[in-house]
Every structure is written in structure tokens, then in C-alpha cells.
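> Each chain, written out:
Protein chains: 2
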Amino acid sequence: MLNLFYAAHTCALASHIALEDAGASYTTTRISFSGNDQRKPDYLAINPKGRVPALVTDRGVLTETPAMLAFIAQSFPRARLAPFDDAFAFAQVQAFNSYLCSTVHVSHAHRMRGYRWVDAGNAEAIAAMQRQVPQSVYEGFALIEQGMLAGPWVMGETYTICDPYLFTLAQWLEADGVDIARLPRVIDHRRRMGERPAVQRALAAELARAG
Amino acid sequence: MLNLFYAAHTCALASHIALEDAGASYTTTRISFSGNDQRKPDYLAINPKGRVPALVTDRGVLTETPAMLAFIAQSFPRARLAPFDDAFAFAQVQAFNSYLCSTVHVSHAHRMRGYRWVDAGNAEAIAAMQRQVPQSVYEGFALIEQGMLAGPWVMGETYTICDPYLFTLAQWLEADGVDIARLPRVIDHRRRMGERPAVQRALAAELARAG
Chain A
538 MLNLFYAAHT
548 CALASHIALE
558 DAGASYTTTR
568 ISFSGNDQRK
578 PDYLAINPKG
588 RVPALVTDRG
598 VLTETPAMLA
608 FIAQSFPRAR
618 LAPFDDAFAF
628 AQVQAFNSYL
638 CSTVHVSHAH
648 RMRGYRWVDA
658 GNAEAIAAMQ
668 RQVPQSVYEG
678 FALIEQGMLA
688 GPWVMGETYT
698 ICDPYLFTLA
708 QWLEADGVDI
718 ARLPRVIDHR
728 RRMGERPAVQ
738 RALAAELARA
748 G
Chain B
538 MLNLFYAAHT
548 CALASHIALE
558 DAGASYTTTR
568 ISFSGNDQRK
578 PDYLAINPKG
588 RVPALVTDRG
598 VLTETPAMLA
608 FIAQSFPRAR
618 LAPFDDAFAF
628 AQVQAFNSYL
638 CSTVHVSHAH
648 RMRGYRWVDA
658 GNAEAIAAMQ
668 RQVPQSVYEG
678 FALIEQGMLA
688 GPWVMGETYT
698 ICDPYLFTLA
708 QWLEADGVDI
718 ARLPRVIDHR
728 RRMGERPAVQ
738 RALAAELARA
748 G
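Protein chains in written order, with this note's numbering: chain A, 538 to 748; chain B, 538 to 748.
Hints are not guaranteed to be accurate.
Same chains, same label: a pair holds when it works inside one copy or across any pair of copies.
Stated by the list, open to error - Pairs of lysine to any residue, SDA-like flavour, derived with a Cα cap of 25 Å: (1) LYS577 with GLY688; (2) LYS586 with PRO671; (3) LYS577 with THR564; (4) LYS577 with GLU682; (5) LYS577 with PRO721; (6) LYS586 with ALA687.
Please keep in mind that the hints were generated in silico from the structure rather than gathered at the bench. Please read these numbers as outputs of a predicted model, since none were measured by experiment.
Given only the sequences and the hints, what does the whole structure look like? Please build it.
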């Protein structure tokens with residue numbers, strides 16, 4: 538049995554949606570960032586990085602969204618969530634998801650997690666990072682808008698593990714101060730994703746426990 | 538035929554080593570960061586992100602180190618550089634490489650590329666980022682030191698695409714101001730990697746053209 542550790546409003550949503558897409562049997566465990574659960578010994582024993590998501594499997598714990606998404610796709614091949622039989626096509630999927638984690642998510646993280654990269658007491662530097670977020674997040678999404686979203690899904694006609702991950706990060710655009718009118722294709726993708734039952738189930742499950 | 542676009546002293550080295558490990562037929566094209574080649578139209582036509590590495594294949598261009606490493610491993614299966622037939626083991630490989638790109642490399646990038654996350658004219662904020670690099674890069678490697686490097690290779694007895702990537706980022710520890718005496722296992726791995734002929738060939742090729 539798989540168990541997904543997540544926190545509300547985090548990138549864990551991507552794996553949550555993929556588990557729904559895959560038709561997986563799984564459970565979830567919600568941890569609270571406001572309660573700082575991710576730094577408590579019980580959770581650090583599961584994920585020493587002190588972050589979400591983490592996926593507990595029969596063979597051990599997996600972390601890092603691109604790896605977890607690929608694992609879900611490979612473990613549930615009938616759902617056809619990634620082209621494992623085609624090295625180039627699979628690399629394109631991985632490249633997209635790697636870009637999301639190493640560039641787009643990182644730009645976003647400078648709004649709330651600036652203390653990772655400057656002294657936590659340096660309020661001016663942290664504020665300077667926050668001021669740049671609308672521009673840096675926009676630039677990350679602009680490359681997607683202009684050339685990385687084939688349509689209707691990220692990889693074209695076939696829905697893959699890129700789609701729930703893009704949808705998840707696109708949830709944060711307004712809070713990051715990005716003018717979504719400049720990203721019509723990303724926003725259309727987000728809207729269509731929001732209509733999928735798997736996405737609605739994952740979101741409903743997270744919201745039901747968020748109180 | 539594969540062609541690797543790289544710049545000296547960058548994470549492109551990881552893919553360069555993996556191509557050597559794989560016994561691939563490939564060419565390389567060096568671009569100069571000091572000449573700002575990565576922002577010129579010729580290169581942006583290859584990689585709109587304006588970064589290295591990029592791998593030109595018969596089917597198109599691949600970017601993002603974790604994806605390129607997986608592509609090289611899958612394209613040259615005799616080299617056994619990744620366990621594609623085992624979803625959990627492959628996800629562990631991908632999780633390690635994803636951590637390197639989204640956490641370890643990102644911390645390092647705050648030394649030279651702070652303008653990505655604050656206004657480029659804000660010298661104080663950029664200096665504040667630079668001051669934090671020794672600590673943030675150390676913390677990223679400390680998790681590897683303490684629990685992610687099974688030994689003798691990252692994944693244990695079997696050499697994988699995690700090893701050239703870790704080696705590549707470990708090249709930068711001294712310049713990032715990290716006390717390497719605190720990372721004996723990472724440094725031992727780096728030393729043993731440096732003894733491998735494939736690594737020596739990739740390094741020699743990059744140095745021969747670096748002048």
C-alpha cells in the first residue's frame with residue numbers, strides 16, 4: 538500500500554492527482570506546515586529533508602516530485618501516464634518536470650522560503666527576494682507559455698505526469714503576483730485540468746482536511 | 538549522432554561523463570559564458586532557456602540534467618547506468634538527481650546568479666545571498682553525507698547516473714566556501730570518481746578547449 542504524506546497547498550498535490558489518475562490504492566497523511574510538523578522527529582524519520590511530499594511504499598520512502606510522478610506512472614502502466622518505452626519521449630517528460638522543480642518552483646519559493654538562501658534575520662534581503670517573485674515566476678511560466686506546452690496537454694495529445702505538476706504550480710500564480718492575462722495557454726490548461734474528476738477528487742480530499 | 542552543448546565548469550560535465558560511461562558516439566560544442574554565448578540567438582534557437590547543458594539528438598533537443606542522464610542511460614542499456622526495469626530503484630535514482638538539481642545546485646547558484654531572484658541592481662541583497670552559500674550548500678551536501686550516499690557509489694554497489702552528477706556538483710565545494718573536512722564521504726566519492734578513465738576523458742576534453 539502507498540501512503541502519501543502531504544501538506545495543503547504544496548507541490549504534493551501533483552502526486553496526489555497522479556495517484557488518482559493512476560487508479561492507485563493509497564492512503565494519505567496530512568501534515569501541518571503551520572504546526573511545523575515537517576521539522577518534528579516523527580516526520581524527519583520518514584523524510585530527513587523535512588519537506589513534502591513523501592511517498593511511503595512497501596520498499597521504502599520516495600521523495601522529490603519528478604521521481605514520485607515517474608514511479609506512479611511506471612507502477613500503474615495501464616494508466617499510460619508516461620512513455621517509458623520511448624527514451625526520447627520519456628526524457629522530454631522528465632525534462633519538463635525537472636524544469637518545474639528546479640526553476641519554476643524555486644522562483645516561487647523565494648516568496649515564502651527566502652530564509653533558505655539568506656540569513657533568516659535579514660529582513661531586507663528577504664523582502665528583496667519577495668519583490669522579484671512576480672517577475673521571476675512569470676519568466677518561468679512564459680517559457681512554458683511560448684514553447685513548452687504543446688496542447689491540449691503539455692506533451693500534446695497525450696496526457697502525462699507533466700500535466701498535474703504544471704497544474705499544481707499554476708495554482709500559485711495569483712498569489713505570486715503574476716498577471717495571468719499574460720499566460721492564456723497556461724491558464725486554459727489549468728481550467729481544463731480543473732474539470733477532470735481525478736483533479737477534483739484530489740483537491741476535495743485535501744480541502745476536506747485542511748480545516 | 539548526439540551533440541552536447543556545454544560550458545566549462547558547469548553541470549554539463551555530468552552528462553559529458555555519462556556519455557563517456559555509456560560508450561556513446563557523440564560530439565561536443567563548447568559555448569562561452571564569459572562571451573555570453575548562451576544568450577545569443579543561435580544558441581537560444583537550440584535552448585530557449587539560455588542555459589547549458591543541451592543535448593541535440595536526431596529527434597530534437599533535450600535539456601535538464603536529470604532528464605539527459607536518464608536518456609543516456611536508457612539509450613545505452615549495455616552500460617547499465619540506471620535500473621529501468623525496477624520502478625522503485627529507478628525512482629530512487631531520479632529522486633537523488635532531482636534533489637541535486639532543485640536543492641543543491643540551486644543553493645550553489647546563489648553565489649554567481651543571484652540576479653535570478655532579486656533585482657540585478659540590488660548589490661546588498663546579492664551580497665547577502667553570497668554570504669549564505671557556504672551554509673546552504675553545506676546543508677545540501679550534509680544530507681547526502683549522512684544518509685543518501687550508500688557507498689561505494691551513491692546507490693550502493695552499482696554505479697549509476699547519480700555518480701557523475703554528484704561528482705560534478707562536488708567540484709564546486711571549495712569555491713562555495715564549504716569546509717570539505719565536514720564531508721568525508723562525499724570527498725572520498727569525489728576522489729574515486731576522479732580516478733575513473735571516463736571522468737578523466739571528459740575533464741580533459743573540457744579543459745583542452747577551455748583556453
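> If any of the earlier hints don't hold here, list their numbers in rising order.
1, 5
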